[in-house]
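Participant: What follows is the residue order along each chain.
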Amino acid sequence: MQVLQTSREAATQKAAISVQGLTREYVTRNFFGGVSRTTMALSGIDFQVGYGELFGLIGPNGAGKTTTIKILTTLLTPTGGDAKILGLDVRKDLYEIRRRIGIVFGGERGLYNRVSAFDNLRYFSDLYGVDPAVARKRIPELLSVVGLTDRAQEKVEKYSRGMKQRLHIAKALVHDPELIFLDEPTIGLDPGGARDIRNMVRELKAQGKTILLTTHYMFEAEELCQRIAVISKGKIVALDTPSELKNMVRDISVIELRTYGATMEYVEALRRLPNVVRVVADLDSEQQSIRVQTPLGADLLPMVAAALPAGAKMIDRTIKEPTLEDAYLRLVEE
Amino acid sequence: MASMGSLTPGRQVEGRVNKIIQVLKASVFLTSRLFFADPQWLIPNIIAPFIFTMVAFFLFQGQTSGSAFLLYLVLGSGLMGMWGTTIYASANSIGFDRWNGTMESTLAAPVPLSWIALGRVLFNTLQGVLNAVFILVIGLVWFRVGFGLVNPPAFFLASVVTFISLSSFGLLMTTLLLLSRKGGFITNSMEIPVYIATGTMFPVILLPVVYLPFAFMLAPTWGIEAIRLAALPGYVGLPTTYWEDMVVMVLETFAYLGLAFFLFKRVEAYAKRMGTLEEY
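As they're listed, the protein sequences go chains A and B. Taken in order, the first sequence gives residues 1 to 334; the numbers are from the working numbering. Taken in order, the second sequence gives residues 1001 to 1280; the numbers are from the working numbering.
Hints may be right or wrong, so weigh each one.
Simulated crosslink set (BS3-like; lysine-lysine; CA at most 27 Å straight-line) [as the list claims (entries may be wrong)]:
#1 A:Lys137 with A:Lys205
#2 A:Lys246 with A:Lys320
#3 B:Lys1025 with A:Lys155
#4 A:Lys235 with A:Lys84
#5 A:Lys84 with B:Lys1272
#6 B:Lys1265 with B:Lys1019
#7 A:Lys246 with A:Lys233
#8 A:Lys233 with B:Lys1272
#9 A:Lys155 with A:Lys137
#10 A:Lys14 with A:Lys92
#11 A:Lys235 with B:Lys1272
#12 B:Lys1265 with A:Lys84
#13 B:Lys1019 with B:Lys1272
#14 B:Lys1019 with A:Lys84
#15 B:Lys1019 with A:Lys137
#16 A:Lys14 with A:Lys235
#17 B:Lys1025 with B:Lys1265
#18 A:Lys92 with B:Lys1265
#19 B:Lys1272 with A:Lys92
#20 A:Lys137 with B:Lys1025
#21 A:Lys14 with A:Lys205
#22 A:Lys84 with A:Lys233
#23 A:Lys246 with A:Lys205
#24 A:Lys92 with B:Lys1019
#25 A:Lys235 with A:Lys246
#26 A:Lys137 with A:Lys158
#27 A:Lys235 with A:Lys92
#28 A:Lys14 with A:Lys84
#29 A:Lys205 with A:Lys84
Calculated from the model, a selection of chain A residues having no Cβ within reach of chain B, i.e. all distances over 10 Å [said to hold, decoys possible]:
#30 Gln20
#31 Thr38
#32 Gly52
#33 Gly87
#34 Asn199
#35 Gln207
#36 Ser232
#37 Lys235
#38 Glu244
#39 Ala269
#40 Asp284
For the record, the hints were derived by calculation from the structure and aren't laboratory data. Computed from a predicted model, the values in this text were never measured in an experiment. Backbone N, C-alpha and C fix where the C-beta goes; we use that ideal spot for every residue, glycine too.
Use the sequences and the hints to build the structure in full.
Facilitator: Below is the structure:
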């Protein structure tokens, strides 16, 4: 028991992020102060992130990703368990942790829109205690890295979503942190903007920064992360490399369909077919995209075609290897 | 980079003071940039004080007993403007972060939130001072109020300390906003009672006795008394001297600051426990 504890402590010291039995409960109180509802956002999660690692945290909305990030960045107090950042306790060493981490919030949050990018960076560099002489050199460098030099004096409210997100990254780097939290950094960006951000993340990784990334985009997690934790209903349901996670669904193949005129009834009909594990459909566009997970592979194709209602058209059908998204869907739906 | 632990105590204090100054400067600078970026600043700072002063002058026109009374009126209007701006802007400085989505970024900084809030409150109070100066200028130029102060240095000193006391009171009010978005309701509802209780428009001694303890707990009450004693010849207000007013104001200001910094710590910890910091 002693040996086990010692080895656990040693592992904790080696980890940039160490989370053990982390719990967070939200209590909603009624008008009279009594407890009306208790929600368990995190139910004792454990994981560790090594120095220089790019670690992904994925899960559906409300799974506990944001709560985890908030606790690790000292913005929220855990109700149970332990979390250490760079060997420091999230409950006790708030300011030391904050000095050494950077946070990139996704979406529109976190920037002062009525002032310029330069003013935003100068303000945050002062809050982080960056020596003004260092800041004078570093801010133009960062603006150049994120491609905002020409627009540095413009108000942020005039920026596109992608420009704001690049500024977010510059803001998170203004104090040269060792560890960076990226909370859905590409959310709402067009493909070009998202690619720019992913390239910046790769660059940061190459510089030796430790990164914790949360994302809704599975291909992004697969492309960037060395290891991924899948979180669902406040619990970590899997933690492994992207390829090992994909191996969890090696027993199935995916039939990818592109249809015209398919409706929800067709999707339901596919779900009722024998040996269909899961059907994921995007019916919002003119052409519908439907993914059918099945262990039968091509043998299911005749039944898939037969189920298509009159008036609907099959534009394309392909058999594919399961992706991280297929593994993810299995994990979060189990 | 040398850690604070390896420095001598003297250097540690110096480093901490420099850091506080850096944060205060940054906070004042950003608040001013945000303030001037919105053209609406003209309404509370130029248009409203102008209307305020005009109404006060026309109300008392013909009932004045000389220039001293007009100066009394101008000082009162100016202080009302200062207080109004302080309470409104201070209460909203943290509310603005909630609304703007910058609360998390602000809280994630490695400095106590009270330092950042203090910078904002200082700028907001300074804005109130400009408001008061504007009212004074209207009085001097438009209504030709004589500005013959009884004791100009004492007037200046009382004005500066009143400015600090208003800032400290604004900081105390800001803690309410940290607790909940509903804090704005409380701070906004304090505007008029404080006008009355601090004696901006009429001597506090005219208030019913039951209100006096509340009036005496407000540092601006003593500030206004000290300012009037230093400005107006033959002013009769509370049965206190200029220096007694100043001492009480300074003591109450320290009490506000101590309470504000204590509450900031407690409220921030409480809000983090409850998860209400970013709620709008």
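Participant: For each hint, tell me whether it holds in the structure or not.
Facilitator: Evaluated hints:
With a C-alpha separation of about 22 Å, the suggested pairing of A:Lys137 with A:Lys205 holds against the 27 Å cut-off. Distance check on the hinted pair: A:Lys246 and A:Lys320 sit about 13 Å apart at the alpha-carbon level, within 27 Å; holds. For a cut-off of 27 Å, the pair hint linking B:Lys1025 to A:Lys155 stands: about 21 Å separates their Cα positions. As the CA atoms of A:Lys235 and A:Lys84 are separated by approximately 18 Å, the hinted pair is consistent with the 27 Å bound.
Of the supplied pair hints, the one linking A:Lys84 and B:Lys1272 holds, its CA atoms being roughly 17 Å apart against a limit of 27 Å. In summary, the hint linking B:Lys1265 to B:Lys1019 is supported, as the alpha carbons are separated by about 18 Å, within the 27 Å threshold. Our distance criterion of 27 Å between C-alpha atoms is met by A:Lys246 and A:Lys233, whose separation comes to about 21 Å. With a CA separation close to 22 Å, the supplied pair A:Lys233 and B:Lys1272 stays within the 27 Å bound.
Using a Cα cut-off of 27 Å, the hinted pair A:Lys155 and A:Lys137 holds, with the two alpha carbons roughly 21 Å apart. For the suggested pair A:Lys14 and A:Lys92, the alpha carbons sit about 19 Å apart, so the restraint of at most 27 Å is met. Using a Cα cut-off of 27 Å, the hinted pair A:Lys235 and B:Lys1272 holds, with the two alpha carbons roughly 22 Å apart. Distance restraint check for B:Lys1265 and A:Lys84: the Cα-Cα separation of roughly 22 Å lies within the 27 Å cut-off, and the hinted pair is therefore satisfied.
Our distance criterion of 27 Å between C-alpha atoms is met by B:Lys1019 and B:Lys1272, whose separation comes to about 24 Å. About 26 Å separates the Cα atoms of B:Lys1019 and A:Lys84, which keeps this hinted pair within 27 Å; it holds. In summary, the hint linking B:Lys1019 to A:Lys137 is supported, as the alpha carbons are separated by about 19 Å, within the 27 Å threshold. Proximity of A:Lys14 to A:Lys235 is assessed by CA-CA distance (about 24 Å); at most 27 Å being required, the pair is judged to hold.
A distance of roughly 21 Å separates the Cα atoms of B:Lys1025 and B:Lys1265; the hinted pair therefore holds under the 27 Å criterion. Taken as a hint, the A:Lys92 and B:Lys1265 pair is honoured in the structure, with Cα atoms around 13 Å apart against an allowance of 27 Å. A distance of roughly 13 Å separates the Cα atoms of B:Lys1272 and A:Lys92; the hinted pair therefore holds under the 27 Å criterion. For the proposed pair A:Lys137 and B:Lys1025, the alpha carbon gap of about 19 Å is at most 27 Å, so the pair holds.
About 18 Å separates the Cα atoms of A:Lys14 and A:Lys205, which keeps this hinted pair within 27 Å; it holds. At most 27 Å may separate the alpha-carbon atoms for a hinted pair to count; A:Lys84 and A:Lys233 meet this at roughly 22 Å. With a CA separation close to 23 Å, the supplied pair A:Lys246 and A:Lys205 stays within the 27 Å bound. Our distance criterion of 27 Å between C-alpha atoms is met by A:Lys92 and B:Lys1019, whose separation comes to about 21 Å.
Simply put, A:Lys235 and A:Lys246 have alpha-carbon atoms about 19 Å apart, close enough for the 27 Å limit, and the pair holds. For the proposed pair A:Lys137 and A:Lys158, the alpha carbon gap of about 25 Å is at most 27 Å, so the pair holds. Between A:Lys235 and A:Lys92 the alpha-carbon distance is near 25 Å, which keeps this suggested pair within the 27 Å criterion. Between A:Lys14 and A:Lys84 the CA atoms are separated by roughly 11 Å; this keeps the pair inside 27 Å, and the hint holds.
With a C-alpha separation of about 21 Å, the suggested pair A:Lys205 and A:Lys84 falls inside the 27 Å cut-off, and the hint holds. The claim that A:Gln20 lies off the interface holds: its Cβ sits roughly 20 Å from the closest Cβ of chain B, which is beyond the 10 Å cut-off. Even its closest Cβ contact with chain B, about 13 Å, leaves A:Thr38 beyond 10 Å, as expected for a residue assigned away from the interface. Every C-beta of chain B lies more than 10 Å from that of A:Gly52, the closest at about 20 Å, which supports listing it as non-interface.
With a least CB separation of 14 Å from chain B, A:Gly87 remains clear of the 10 Å interface cut-off, as annotated. Against the 10 Å criterion, A:Asn199 stays outside the reach of chain B, whose nearest CB is about 24 Å from its own CB. Under the 10 Å C-beta cut-off, the non-interface status given to A:Gln207 relative to chain B holds; the minimum distance is some 18 Å. Taking the minimum C-beta to C-beta distance to chain B, about 20 Å, the non-interface status of A:Ser232 holds against the 10 Å cut.
At roughly 19 Å from the closest C-beta of chain B, the C-beta of A:Lys235 stays outside 10 Å, upholding its exclusion from the interface. The Cβ of A:Glu244 lies farther than 10 Å from every Cβ of chain B, with a closest approach of about 33 Å, so its non-interface assignment holds. For A:Ala269, the non-interface assignment is confirmed: its Cβ lies about 44 Å from the closest Cβ of chain B, beyond the 10 Å cut-off. For A:Asp284, the shortest C-beta to C-beta distance to chain B comes to about 28 Å, beyond the 10 Å cut-off, and the non-interface label holds.
The structure agrees with every numbered hint stated previously.
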